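Student: Each chain is listed here by its residues.
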Amino acid sequence: MLPIEWEVLLLGCLTATACGIVGGLALLRKQALMGDALGHSLLAGIGAGFWLLGSSRSPWLFPCAVASGLFAIMLVEFLAKQLGGNQATALGLIFPAFFSIGIILISLAPKSAHIDLDRVVTGNLDLAPLDRLMVDGHDYGPRVAWSMALALGFIGFYLAAYWRHLHWILFDPAGAHAMGLKPDRALSILLLLTTCVITLAFETMGTVMVVSLLVAPGATAWLLSRNLTNYLLFTVAVSLGAALTGRFATLAIDASTTAATSCAALALFGTAFLLAPQEGLLARWRASIKIRERLDARLILVHLWHHEIRGDSEIECLASALTHHLNMPEVRLNKALNRLVKDQLAEKNGPLWQTTTAGTLLGRSLVEDDTGSRED
Amino acid sequence: MPDFAVIAGCALAGILYGLLGSFSLARNQALLGDVLSHAAWPGLVLMLGLTGSRNFAILGIGACLAGMAGMAILDLLGRGSNRLKPDARLALVLSGFFAVGMLLARPVQSIRPGSQGHLQAFLFGQTAALVWSDVMVIALVLALSLVFAASRWRDLTALCFDPVWRQTTPASNMATSPLLDTILVLGIVAGLPVAGVALVSALLVCLPVTARVLTKRFLPGTGLAMLLGGLLGASAPWMVMGLESLAQHFHGDSTLRLPTGPVFVLAGSICAAGALAFRYLARSRAKATGAINHAAN
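Protein sequence lines correspond, in order, to chains G and F. If you're matching positions, the first sequence starts at 1 in this note's numbering and goes up one per residue. If you're matching positions, the second sequence starts at 1001 in this note's numbering and goes up one per residue.
Hints listed in this document are in silico derivations from the structure and should not be mistaken for laboratory results. Since the model is a prediction, treat every value here as computed from it, not as a measurement. It is possible that some hints are incorrect.
[Said to hold, decoys possible] Below 20 angstroms or equal to it, Euclidean Cα-Cα: the simulated PhoX-like pairs (lysine-lysine) are:
1. G/Lys348 <-> G/Lys290
2. F/Lys1287 <-> G/Lys81
3. G/Lys335 <-> G/Lys348
4. G/Lys30 <-> F/Lys1287
5. G/Lys342 <-> G/Lys290
6. G/Lys335 <-> G/Lys290
7. G/Lys30 <-> F/Lys1216
[Said to hold, decoys possible] Sample of chain G residues facing chain F (criterion: CB under 8 angstroms; computed from the structure):
8. Gln82
9. Thr89
10. Ala97
11. Ser107
12. Leu266
13. His324
[Unchecked claim] Each pair of labels, with its calculated beta carbon distance range:
14. G/Arg284 <-> F/Lys1287: 45 to 53 angstroms
15. F/Arg1217 <-> G/Ala178: 42 to 50 angstroms
16. G/Lys342 <-> F/Arg1154: 54 to 62 angstroms
Beta carbons: idealized from backbone N, C-alpha and C, even for Gly.
Chain G with its partners taken away, still in its complex shape (with noise of 0.2 angstroms):
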């Protein structure tokens, strides 16, 4: 048998790959609330398992907390058709009123089936191997880690029987039905498998943090691709990178591995977020300034192009005067006459600038014919 910190590593590899799949799929549907809503909401279930099982450790608890996801999101769905489709104030009134149910219940059960209410929240990746899988008095390792794996399979078999028709049942769910598919079963079977994986995160990961493992991976991986094959294997990538990092971080500071796994999912985010290639915060920004630099170079060339055909360049040409006819600070005309003496559109001529016959004719086209502002 592996040891405890190897069995940790494994726990927390399935959980963020099988909740990053399946958060990664809400997330396309937006629907990235339903996780924190279910997470939440199968407490009630949790809660009544407790008082009618009289135990923590009873299996049929499973069973009540995906029925109180599931009860929790049909109700959500109803009541946001009576609140006039509003799905964020019908999540808001729904899943606190089922936590808390959850909340009380667990709160005033006899001693002997007690958890700790902390744990509720936190989870404990650290604590979940101590749940042994035993059969015959030998010892199978951690119960979740073999829950997970069948998670993870019957994830796995759901991709590969819908896989021809993934992109119609989630995209466009109307498409699909006049396609002659039962996109509604297909999203049913994959509401049910989230509610599964999610219970099972439950404990290792708890009902906030484990929002951030399937968010997270979904969000950054749909950051840096678009083609729905590239973006679950982004999604399962960024998935084990985090429950790597998160392990191996927590081995250096004293800290939550649940914490830690959460923090490097939103760490990998984060930097997505700020590099990615394209639709990165940084390269977007990079883009904008081009377009602005562009524009200042055409605003700068019509300007010159206007004065020399009405023949008062001497004036509004100087070289000196331009940033005040123009209003724009000298750093930014600066860089916009380089870029046109770059493309040899204009040249300065003693203390004037003028246009070069490209130029002139570049100049022309943009005001007079307005498809010449397309041509580069």
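Dock chain F against chain G, hints included.
Tutor: Just chain F now, with coordinates in the frame of chain G:
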């Protein structure tokens, strides 16, 4: 009998959330409060680690700063790629800040021994931990919000119901929206000892939803939400006591402690559910009679 400070604190928090919730519900920001309360968590933990203080007025400063940081990051995420939808942004900020707080929790507990129970009280709220200075913080924020709401009522109404039209009028004030957000953060932080990080924001939803179902007008609706919040808040400590003694009667365990937050929220949710069910029944009856009239004609 519950302590008078506890009753006063819960009632004032209820009134405060009735007021602030009416604005955030009308702005369709029902989940923003949830994000902000979770965002306040790392500030609370860090402040406890830095100062070692048990005074909520000091810890609250850290929580407010963290809440503001959460708001700023939410705004930054909105400026980035438009592939990130609003629901994903909310979920990322909510879980991200909470995870950072939890990452800090264990180191903080090791340098400040005995702080674990104190931090836990802020997760679900605990009336046993509520003292007069906490009540004073809530009262102060409530007074501030009331003055703000009363002095800018028309502008706030416009901001909630028609922000586009509002921008075209010269009377609109640039500062109103950021001030409202700031007061929302202050209000959420002030209520943390009552309802806790996990549930404080639920009060921002269930109270105004009940009021909105019962009346269509904004000013009476806000008043109703505040009244309901005050009444439920004042009775929440009694309900906690009743449920505790009921459970003790059931299995004879006298050490049970029930957090206030869930009881308060559940009472509010039952009110909202009652109001919604009433409206649903009234509507379906009206529809049924309408159909009969239509058939008769």
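Student: Run every hint past the structure and note whether it holds.
Tutor: For each hint, the structure was consulted:
1. G/Lys348 <-> G/Lys290: Outside the cut-off at roughly 23 angstroms; violated.
2. F/Lys1287 <-> G/Lys81: holds, 16 angstroms
3. G/Lys335 <-> G/Lys348: holds, 14 angstroms
4. G/Lys30 <-> F/Lys1287: violated, 33 angstroms
5. G/Lys342 <-> G/Lys290: holds, 15 angstroms
6. G/Lys335 <-> G/Lys290: holds, 11 angstroms
7. G/Lys30 <-> F/Lys1216: violated, 30 angstroms
8. Gln82: With Cβ-Cβ at 6 angstroms, under 8 angstroms, it holds.
9. Thr89: holds, 4 angstroms
10. Ala97: Because about 4 angstroms separates alanine 97 of chain G from the closest Cβ in chain F, which is inside the 8 angstroms limit, the hint holds.
11. Ser107: The hint holds - serine 107 of chain G has a Cβ within 8 angstroms of chain F, the shortest such distance being about 5 angstroms.
12. Leu266: Since chain F brings a Cβ to about 4 angstroms from leucine 266 of chain G, closer than 8 angstroms, the hint holds.
13. His324: violated, 31 angstroms
14. G/Arg284 <-> F/Lys1287: 45 to 53 angstroms: Given about 50 angstroms between the Cβ atoms, the range holds.
15. F/Arg1217 <-> G/Ala178: 42 to 50 angstroms: holds, 44 angstroms
16. G/Lys342 <-> F/Arg1154: 54 to 62 angstroms: holds, 56 angstroms
Consistency with the previously given hints fails for numbers 1, 4, 7, 13, ordered from lowest to highest.
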